[in-house]
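Participant: Taking the hints into account, I'd like the entire structure generated from these sequences.
Quick mapping for you: the protein sequence lines, in order, are chains R and U. Residue numbering for the first sequence follows the UniProt record's numbering, beginning at 1 and increasing consecutively. Residue numbering for the second sequence follows the UniProt record's numbering, beginning at 1 and increasing consecutively.
Hints are not guaranteed to be accurate.
The list cannot tell twin chains apart, which means a pair is met if one copy fits it or any two copies do.
Stated by the list, open to error - In the DSSO-like style, the derived pairs of lysine-lysine whose C-alpha atoms are separated by at most 27 Å in a straight line are: (1) 248 - 63; (2) 270 - 286; (3) 63 - 270; (4) 247 - 63; (5) 286 - 63; (6) 63 - 272; (7) 63 - 166; (8) 63 - 243; (9) 243 - 270; (10) 272 - 255; (11) 247 - 272.
Simulated from the structure, these hints should not be mistaken for laboratory data. The structure presented is a predicted model; accordingly, all values stated were derived computationally and were not measured.
There are 2 protein chains.
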Amino acid sequence: MDAVEVRNAETFFASAPPLRDRDAIVAKVEEFVQRRLPTASGNRASRMVCITSGGTTVPLERKCVRFIDNFSSGHRGAASTECFMKAGYSVIFINRRGTAQPFCRFLPEDPLLTCFEPAGDNLIQLIPSHAVAVQKAVTEYHSALNSGHLLNLPYTTLFEYLEILKIVSLSLRQLQRNCMFYLAAAVSDFYVPWQSMVEHKIQSGVGPMAMELAQVPKMLMLLRHLWAPEAFCVSFKLETDVKILIKKAQAAREKYGMHAVVANELETRKQKVIVVTNEGQVLVEKDASQADVEIPLVDFLIAQQTSYIEAGGANVLVV
Amino acid sequence: MDAVEVRNAETFFASAPPLRDRDAIVAKVEEFVQRRLPTASGNRASRMVCITSGGTTVPLERKCVRFIDNFSSGHRGAASTECFMKAGYSVIFINRRGTAQPFCRFLPEDPLLTCFEPAGDNLIQLIPSHAVAVQKAVTEYHSALNSGHLLNLPYTTLFEYLEILKIVSLSLRQLQRNCMFYLAAAVSDFYVPWQSMVEHKIQSGVGPMAMELAQVPKMLMLLRHLWAPEAFCVSFKLETDVKILIKKAQAAREKYGMHAVVANELETRKQKVIVVTNEGQVLVEKDASQADVEIPLVDFLIAQQTSYIEAGGANVLVV
Chain R
1 MDAVEVRNAE
11 TFFASAPPLR
21 DRDAIVAKVE
31 EFVQRRLPTA
41 SGNRASRMVC
51 ITSGGTTVPL
61 ERKCVRFIDN
71 FSSGHRGAAS
81 TECFMKAGYS
91 VIFINRRGTA
101 QPFCRFLPED
111 PLLTCFEPAG
121 DNLIQLIPSH
131 AVAVQKAVTE
141 YHSALNSGHL
151 LNLPYTTLFE
161 YLEILKIVSL
171 SLRQLQRNCM
181 FYLAAAVSDF
191 YVPWQSMVEH
201 KIQSGVGPMA
211 MELAQVPKML
221 MLLRHLWAPE
231 AFCVSFKLET
241 DVKILIKKAQ
251 AAREKYGMHA
261 VVANELETRK
271 QKVIVVTNEG
281 QVLVEKDASQ
291 ADVEIPLVDF
301 LIAQQTSYIE
311 AGGANVLVV
Chain U
1 MDAVEVRNAE
11 TFFASAPPLR
21 DRDAIVAKVE
31 EFVQRRLPTA
41 SGNRASRMVC
51 ITSGGTTVPL
61 ERKCVRFIDN
71 FSSGHRGAAS
81 TECFMKAGYS
91 VIFINRRGTA
101 QPFCRFLPED
111 PLLTCFEPAG
121 DNLIQLIPSH
131 AVAVQKAVTE
141 YHSALNSGHL
151 LNLPYTTLFE
161 YLEILKIVSL
171 SLRQLQRNCM
181 FYLAAAVSDF
191 YVPWQSMVEH
201 KIQSGVGPMA
211 MELAQVPKML
221 MLLRHLWAPE
231 AFCVSFKLET
241 DVKILIKKAQ
251 AAREKYGMHA
261 VVANELETRK
271 QKVIVVTNEG
281 QVLVEKDASQ
291 ADVEIPLVDF
301 LIAQQTSYIE
311 AGGANVLVV
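Facilitator: What follows is the structure, given as structure tokens:
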């Protein structure tokens, strides 16, 4: 691994604003991972996946009024969480505040005001056409949380996202090849370093505004080679221009040593994706019986991880 | 009024992406305003206020992955909507999707998942500690909508915001001095003109990224002098640096001919504001009995508008 990459990452973290509730997050993650480790009584470890979802923000001012945001509804991450849980995985769901939550993807925007109505005497009731969907969503979401197989970690900024991802990686690595990273979040490529960020709101004045943004260090490299080197790593490449998509996915796989890169094009991403591995490209498409492309995608990746675990030799925990 | 400003605004609108549902929005606004106009049977017009709330986004790419956002929770706009309705005004609430809604400001984030729990058999129930707040919010919100005195118009981008504001202005002007604009939204100062916007996702490549943003035409000028020249106009100035705040508020009042500019500093804006009018500055502060600074602020502005209506002469409709 490139020493420059490591130094860039160290500089990034050293200059990032302190993560609020860091100790509580570390403790929650460690407790969640410990419960999945094999015990003396012979319990086998379950597999665990860290799913990242939604887009990160990049503040342009310290007292943040303006920021650059990356659009992502979080539907892919939420749907994939459901699929992995169904397959028996425990899930650490690192998600942007306000984006889609597992089991709740089909609710309308602002479900409280849309799905309930006054019923007199300050009481409220579910509007009949929404009742089944709302009851199912709340029930399934809480069951997943209460099962102890889902850990929900929200973020907003790029800084929070990367700090949390690092915390999770350094804990999950204990599961060796039984853990997977499924990095579906839309992460900013550019940012304003905290040190050089203006304290106050940028003044509008006259004429156009020029802005210079620094590149975010390539954290995939660190995750793959330093933080959790045995984990099965899946990253996502979203492009709006299909002509460059596959080439960029292949380049990302080689550069960062990903086990799989999921290439998706903005307009067709809900029907099909192309998975690039060291064996080539595979088109993964949902069939008529499947509600989401994440169903065949997660199946495919789980099979890939199983091969990876089996190739890993005797000291690896197999479910 | 400066011919350059008018031309800049025309260029902006001509090059903006078409507003989705434009015809439906025009019809809704016109119907809402018509119901408040005096009829032959002698009904007097009620006063009406257009409140803008939340922050606008500026897309950086046409197939929008990245955008610049302006932070605003929308609490001021939502609280002010409640105050104006209590005072008998009808309210057109132009608000950023997902930001605070009137009567719902004190609910937790994601209230459906936070305030409800499974009750077995796929049924759900309100968690007792949240029950009163949720029932009150849903009841009051729907009552306000059903009363016919609240029109809710959501936006996301700067383009949508300005198109909707223009539509509302050109309709509200019929109410002459009986209408108010209360422009609390955090509107982008800079944008990427649609014509010069790249079609596809900006490529990260190597090295830092330079971005040049154009100034948004000063629409306050058009609103005040062309779209609704008799309306009582209130704009807001938010700064994080208190040293320049008042000077900027005074400059905005003079430049755009606002009837009042509300100057607020990021850290103290929930306790006090300074209102700049042509008569000077007035400190408006909430007292111990008041839940929100919007209560005395809206009182103050309504009194100012009443004077403005009374000064307007006989052809003006007085409530």
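Participant: Does each hint fit the structure? Answer for all of them.
Facilitator: Here's how the hints hold up against the structure:
| no. | hint | verdict |
| --- | --- | --- |
| 1 | 248 - 63 | between (36 Å within a copy, 18 Å between copies) |
| 2 | 270 - 286 | within (8 Å within a copy, 50 Å between copies) |
| 3 | 63 - 270 | between (37 Å within a copy, 16 Å between copies) |
| 4 | 247 - 63 | between (39 Å within a copy, 20 Å between copies) |
| 5 | 286 - 63 | between (45 Å within a copy, 24 Å between copies) |
| 6 | 63 - 272 | between (41 Å within a copy, 19 Å between copies) |
| 7 | 63 - 166 | within (25 Å within a copy, 31 Å between copies) |
| 8 | 63 - 243 | between (40 Å within a copy, 15 Å between copies) |
| 9 | 243 - 270 | within (18 Å within a copy, 51 Å between copies) |
| 10 | 272 - 255 | within (24 Å within a copy, 54 Å between copies) |
| 11 | 247 - 272 | within (17 Å within a copy, 56 Å between copies) |
This entry satisfies every hint, going by the numbered hints stated previously.
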